[in-house]
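Peer 1: Listed below are the residues making up each chain.
There are 2 protein chains.
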Amino acid sequence: MSIDDEVPITTNSKLGGDNSVGLVTPQYFTFAEAPNEMALDSGARIGPITMAYETYGTLNAARSNAVLVFHALSGDAHVAGYHTPEDRKPGWWDLLIGPGKALDTDYLFVICANVLGGCKGSTGPSSENPRTGKPYGMQFPVITIGDMVQAQRFLIDHLGIDRLLSVIGGSMGGMQALEWVIRYPERTASVLAIATTGRQSAQGIAFDEVGRQAIMADPNWAGGNYYGQASPTAGLAIARMIAHITYLSDAQMQAKFGRRLQSRESLGYDFTAEFQVESYLKYQGDAFVRRFDANSYLYITKAIDYFDLEASKGSLIEAFSGIQSEFMVVSFTSDWLYPPYQGKALVRALQANGIPTTYLEVPSTYGHDAFLLPNERYAAAIHDFIMNIYQRVTKGEN
Amino acid sequence: MSIDDEVPITTNSKLGGDNSVGLVTPQYFTFAEAPNEMALDSGARIGPITMAYETYGTLNAARSNAVLVFHALSGDAHVAGYHTPEDRKPGWWDLLIGPGKALDTDYLFVICANVLGGCKGSTGPSSENPRTGKPYGMQFPVITIGDMVQAQRFLIDHLGIDRLLSVIGGSMGGMQALEWVIRYPERTASVLAIATTGRQSAQGIAFDEVGRQAIMADPNWAGGNYYGQASPTAGLAIARMIAHITYLSDAQMQAKFGRRLQSRESLGYDFTAEFQVESYLKYQGDAFVRRFDANSYLYITKAIDYFDLEASKGSLIEAFSGIQSEFMVVSFTSDWLYPPYQGKALVRALQANGIPTTYLEVPSTYGHDAFLLPNERYAAAIHDFIMNIYQRVTKGEN
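So the sequences go chain by chain: A and B. Per this note's numbering, the first sequence starts with residue 1, numbered consecutively. Per this note's numbering, the second sequence starts with residue 1, numbered consecutively.
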């Protein structure tokens, strides 16, 4: 997911205007304290765990209007609104979340938490290891999408919500949404899985692994013990650049950059970043290292690569057996990281279980990043799907 | 181009059997000695230039049966046969070159030279800079596909060949074939451009640039002055791994590796290369750094990125104007580095000039690497195209 320059910058004269959630304050919830550490899929235990999260809108009296949004690889809990009146950019999915928007906070209570393993307020490799008093680094246990989801469940328990209206996510967020409904089938009325897959492909693993190798090859990585000293920015920037290419599309890169030069009239015959696409990637890499922890990148990509609903349940059809929730699966035509054929495989397995499923394949040239970008058809489909669930779930509540 | 493991290993009991060219000896030609250095597209001059090359078959009396094969990014002059009876692997395109093969050495005289800028015997950044007596390193001038082709023309002059029967290449080799006929339209009867493009795409530049950044971020790169000391193997391996993903296809990676583990029964919950696809990439990276010079990788990818027939001539149609040669363009359905739409753009521009052009789109799941792999339809099409030209060109010779 590329947040840096893809989120349209609003003027923010009124904190995004009437359809903004306005100012929001990050919140924190800590659990799994000794001796009740949380058990992970690996068999390891970890605690305490802090989850940084934000909420938007108001939880209704029946606690039935809560929507849990999961972020993607490089995201965070700040999905909508502004932290300060001076913020130039809103949260990463502000486009879809707010009064009158696709996820309409006039009706919905929206929650988003930074994932376990992250570096945006939740416990991750840069957090203090209680056994040593120093940052975990590579002492942090390898986590899975299931572990991330389990940590989110502790948060939802804490918020006193028995059953979510919906779990929603794009990319790795979609993996978490799928994992949530499989682990806790009673605990959501619906699932909205966007630009995602039931299992990470070999090609996806390959790209992630090269990124990890780039980080670990950086001498500043120092086996993960770089906190308080120079960090592996060169390696992390390369990992980000590789990944960023997979978030765009051939057609979109051609349209956005083509072979245009950045600041020259003609070829420079040197090794500076002279093509616009080179300069753009360099910017993306440089911006990313200022806001993201390299070890978190290792752990989160590993969790993505481990994600495989087929292996954990025998088949995708088995994985969804017994589920009562309603689904919408969204793919984008030019997404080659999680292409439509992977979305369709989810849909076939859901339908084989008789689960009500809407499939939307959005025509787009924006590649994987399309899920973060303005698209009327996409926003309207999300709105209609969720409001339909909302009306059904809240019907009969006074 | 991935040579390491893609070339089928023959048993070599008879040096590849009756249809092998057998033992071949590398040859060398040096030219452009002071004060007659070769002028480059950048305006710089370079000399002396040595070209390492090999030939197969026999040049006929009329010198009319010569075929010039251009190699791709990581290739070399050793395109067919064996250097020693102990060699386990033949040259990189042995599949297509030999007696009775697609490029039939019973009729044809096949030439292949290592490109200018390379590290396989021809002059490149690892060669001695005559001004300093030390390896060029980054003092080597930035070169273009046109410069590579010009150096090859000196070799063809040296061999006393006025007009080639064909210029042939895949990937960057195809770029050279196209460039050759545009620069020297009188000097080839035909062009066979395989899995290639008339201009490097933004996405292609992006992948190359990340590879270059990985090399230059390796502290061992040392500004290119690493000769005689530790070389930037970590960075070069990462560059190779990135590129290697672009040579395969999503479908092929799924078929070849899927999510299979290399040597474990279950997930290891650590950061070793546990998936087969990770292990394979690591092998590819490690093997590559033993046979390739990192600076050559920088220079050759830069030449690829600079390649743009449209820019140099105004349009692709203009680029091919006045050309009399006959063309065959081959694309592979699953090649996403140089996809069929790029091959078709060449064909449209050629046909707009009334140039006799055959287009073959080969169904294949092997991605870009398909051009190096066995495929009957592909081999037969090459054979028929070339033998047709051969018969026409040599008709009337006694």
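Please keep in mind that the hints were generated in silico from the structure rather than gathered at the bench. Honestly, I wouldn't trust all of these hints.
With a cut-off of at most 25 Å between alpha-carbon atoms, the simulated DSS-like pairs for lysine-lysine come out as follows [unchecked claim]:
id, chain 1, residue 1, chain 2, residue 2
1, B, 89, A, 256
2, B, 89, B, 256
3, B, 256, A, 313
4, A, 256, B, 256
Peer 1: All the hints need checking, so say for each whether the structure fits it.
Peer 2: Hints, verified against the model:
no.: 1; hint: B/89 x A/256; verdict: violated, 44 Å
no.: 2; hint: B/89 x B/256; verdict: holds, 22 Å
no.: 3; hint: B/256 x A/313; verdict: holds, 23 Å
no.: 4; hint: A/256 x B/256; verdict: violated, 34 Å
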